[in-house]
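As they're listed, the protein sequences go chains X and F.
To convert, note that position 124 of the first sequence is 124 in this note's numbering; the numbers rise steadily by one, no gaps.
To convert, note that position 232 of the second sequence is 567 in this note's numbering; the numbers rise steadily by one, no gaps.
Simulated from the structure, these hints should not be mistaken for laboratory data.
Hints should not be assumed to be uniformly reliable.
[To be verified] In silico lysine to any residue, SDA-like type, Cα no more than 25 Å apart, as pairs: (1) F:Lys-581 with X:Asp-222; (2) X:Lys-58 with X:Asp-222; (3) X:Lys-246 with F:Gln-382; (4) F:Lys-581 with X:His-118; (5) F:Lys-581 with X:Gln-119; (6) X:Lys-246 with F:Phe-451; (7) F:Lys-596 with F:Gly-611; (8) X:Lys-261 with X:Ser-295; (9) F:Lys-581 with X:Gln-47; (10) X:Lys-246 with F:Asp-376; (11) X:Lys-246 with F:Glu-381; (12) F:Lys-581 with X:Leu-44; (13) F:Lys-581 with X:Glu-28; (14) F:Lys-581 with X:Lys-246; (15) F:Lys-581 with X:Leu-115; (16) F:Lys-596 with F:Gly-574; (17) F:Lys-581 with X:Pro-110; (18) F:Lys-581 with X:Leu-42.
Number of protein chains: 2
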Amino acid sequence: MTGAATRARVPATSALRAIQAPVSERLEDVVAEMRRVVTADLPLIEQVSGHLLQMQGKMFRPTLALLASETTESPQPRVVTLAAAVELMHLASLVHDDSVDHSALRRGLPTVNSLFSHQVSVIMGDFLYSRALEALVAMEDLDLLRVLTSVSTQLTIGEMRQLAAVDALSFDEADYDALIQAKTASLLSAACETGAMCGAAPHRLALKRYGERLGMAFQVADDILDYTETASVTGKPSGLDLREHKVTLPLIAALPRLSAKDRQRIDALFAADAPGDDQIAEAIALVTDAGGIASAQIRGEQFAHEAEEALDGLPDTPARTALAGAIIYVMHRRS
Amino acid sequence: MTGAATRARVPATSALRAIQAPVSERLEDVVAEMRRVVTADLPLIEQVSGHLLQMQGKMFRPTLALLASETTESPQPRVVTLAAAVELMHLASLVHDDSVDHSALRRGLPTVNSLFSHQVSVIMGDFLYSRALEALVAMEDLDLLRVLTSVSTQLTIGEMRQLAAVDALSFDEADYDALIQAKTASLLSAACETGAMCGAAPHRLALKRYGERLGMAFQVADDILDYTETASVTGKPSGLDLREHKVTLPLIAALPRLSAKDRQRIDALFAADAPGDDQIAEAIALVTDAGGIASAQIRGEQFAHEAEEALDGLPDTPARTALAGAIIYVMHRRS
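Could you build all of it, start to finish, from the sequences and the hints given here?
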């Protein structure tokens with residue numbers, strides 16, 4: 001426990017804490033490593049970095065990388081740097097996403113674009129990504145670099161797919177799968193794959209597959225929450241995706257089952273620049289009644305099941321148990 | 336000359352053409368390689384890439400990389416990929432700079448942010464940078480990656496330095512040197528250094544030094560042009576830097592020599608949100624009369640001289656002659 005007093009605390013719900021238990025000390029090393037990597041001799045960078053590290057999220061990707069490296073109980077110490085770089089890549093993409101979406105809040109705190117400026121968020125995202133890469137290059141492992149630079153391209157392609165969706169309602173399930181693969185599953189998969197490359201190499205492909213399926217389940221669950229989770233203030237589902245004209249699986253599943261009249265109501269919502277609360281509530285009811293949410297849940301469970309199957313060949317270690325727990329966590333989280 | 340018919344033409348002024356002569360065929364291969372690297376199976380990316388390749392600049396950084404690799408007349412073919420990656424990194428940083436500055440034009444064509452959107456420019460910059468890195472990783476040379484990821488961090492720190500300059504008029508020559516080192520000299524230096532690593536390894540340090548001093552001279556010359564070059568429409572210097580409250584070397588050199596009254600005029604310009612044309616013209620006259628431009632010219636010539644000295648130990652090859660020519664080109668270019 002040496003140095004524990006100076007370690008940053010990683011916040012977590014109890015379900016997440018159980019998954020993180022086998023790697024909790026190392027996770028705190030990851031936070032310290034992130035802090036080291038983003039240090040720069042410029043007050044503005046220090047301010048923004050400080051803010052970002054303070055809004056630290058659930059550290060889900062580093063947790064997966066650490067657990068993957070532990071599946072044969074012989075993790076390599078370098079996995080700490082790897083996990084820090086993966087989280088910084090994630091953070092860089094969030095900073096740019098918030099800038100692109102003009103989002104004001106992230107994890108309950110002001111985004112970089114709202115607290116500082118649009119300018120600072122663009123350059124800060126570049127800085128985080130660039131520093132993450134420097135840390136990876138210092139690990140001197142071209143295989144790790146190959147996996148992670150390829151993923152960062154996929155993340156940008158995912159974002160571009162979203163921006164390119166001019167006729168959103170023609171988006172079908174194959175488009176949706178390609179989108180969530182690129183924007184979410186690719187990095188979760190890479191976290192597991194590169195984690196495996198730091199101590200559990202024989203299980204690299206299995207863990208890559210696990211992470212990829214987990215990522216698909218993760219994003220489907222997220223997209224369902226947008227239809228079902230009631231906001232604390234209004235007591236109604238936020239329907240934020242509908243408001244922003246984002247077409248996700250519940251709507252894709254519901255569309256072919258709608259009557260011509262109901263379909264017109266959805267078309268009207270997507271034609272409105274700023275749809276009203278009543279329009280959103282009505283669309284949520286239509287999608288729910290047409291079985292869109294139930295269909296999406298079934299698809300999410302398929303992905304979850306495939307993630308579980310991918311763990312079949314792994315040795316029975318605490319890390320494997322935690323990875324199985326991560327599937328349940330993903331399917332049942334509320335935020 | 337096989338394949339020359341399908342090669343893209345690289346536009347150039349005659350002075351630039353002379354510098355590019357020893358590597359002109361290879362430069363066309365670089366353009367083809369850039370095209371290959373940025374291809375993606377998504378129409379929006381193809382559109383933006385097409386636009387960016389069409390506005391292709393002077394290819395100055397690839398030219399330097401190719402010349403550096405040729406200084407011992409044994410360039411490695413892989414320098415083509417290296418040079419393409421360096422230019423794509425440069426392009427990525429321009430796309431983000433234009434987005435940050437809300438610039439409407441670049442190289443006489445609409446910027447990505449003005450032709451598409453702010454969103455597209457942020458993500459497209461990420462895409463270009465990420466693809467450049469993938470191409471570098473595929474070269475399987477950790478030394479190259481070390482140099483270039485470190486430079487990309489410096490580019491972001493340079494941009495941050497510019498954004499962080501809240502009290503611009505307290506900016507001194509040391510701050511200015513640190514800024515232009517980070518935002519300009521670092522990449523020119525890396526282009527020469529990594530070019531040398533592809534065929535002229537014994538001259539790596541000399542070419543790194545050459546590129547760094549050339550980059551400093553390049554930026555000083557650029558900053559002087561802003562005070563001296565008359566715009567084609569108005570017939571007056573643009574004074575764009577002053578308009579945007581950017582403090583560059585001519586002003587830094589002039590400030591301590593101004594009378595209290597003249598200094599107040601400069602302070603007023605920097606206090607005005609949108610300084611008028613008269614204010615700009617007056618400031619340019621004050622800076623010129625105080626010898627600010629002459630001082631900056633002397634400093635630029637020092638940098639140019641240091642770049643020349645760095646070439647001393649190189650063998651007498653056409654590439655070396657062209658690198659010496661590049662110094663003169665940098666000092667005398669008009670755009």
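For this session: Measure nothing beyond the straight line between the CA atoms of Lys-246 (chain X) and Phe-451 (chain F); if it is 25 Å or shorter, mark the hint as holding.
Result: With a Cα-Cα distance of about 20 Å, the restraint between Lys-246 (chain X) and Phe-451 (chain F) holds, given a limit of 25 Å.
Exercise. Regarding the pair Lys-581 (chain F) and Lys-246 (chain X), is the alpha-carbon distance no greater than 25 Å?
Worked result: violated (40 Å)
Exercise. Does the alpha-carbon distance linking Lys-246 (chain X) and Glu-381 (chain F) stay inside the 25 Å limit?
Worked result: holds (23 Å)
Problem set entry | 25 Å Cα cutoff - pair Lys-581 (chain F), Leu-44 (chain X) | With a Cα-Cα distance of about 18 Å, the restraint between Lys-581 (chain F) and Leu-44 (chain X) holds, given a limit of 25 Å.
Exercise. Taking only the CA atoms, is the gap from Lys-246 (chain X) to Gln-382 (chain F) under or equal to 25 Å?
Worked result: Holds, at roughly 22 Å.
For this session: Quickly compare the C-alpha distance for Lys-581 (chain F) and Glu-28 (chain X) to 25 Å and report which way the hint goes.
Result: Judged against 25 Å, a Cα distance of about 42 Å means the pair is violated.
Problem set entry | Satisfaction of hint between His-118 (chain X) and Lys-581 (chain F), Cα-Cα up to 25 Å | holds (19 Å)
Problem set entry | Agreement of Lys-261 (chain X) and Ser-295 (chain X) with the hint, judged by alpha carbon distance not exceeding 25 Å | holds (22 Å)
Exercise. Is the hinted pair Lys-596 (chain F) and Gly-574 (chain F) satisfied, with a Cα-Cα distance of at most 25 Å?
Worked result: holds (21 Å)
Exercise. Are the Cα positions of Lys-246 (chain X) and Asp-376 (chain F) separated by 25 Å at most?
Worked result: holds (21 Å)
Problem set entry | Proposed proximity, Asp-222 (chain X) with Lys-581 (chain F) (alpha carbon, max 25 Å) | At roughly 45 Å apart (the allowed maximum being 25 Å), Asp-222 (chain X) and Lys-581 (chain F) break the hint.
Exercise. Lys-581 (chain F) and Leu-42 (chain X): Cα distance at most 25 Å?
Worked result: holds (18 Å)
This entry does not satisfy hints 1, 13, 14 and 17, going by the numbered hints stated previously.
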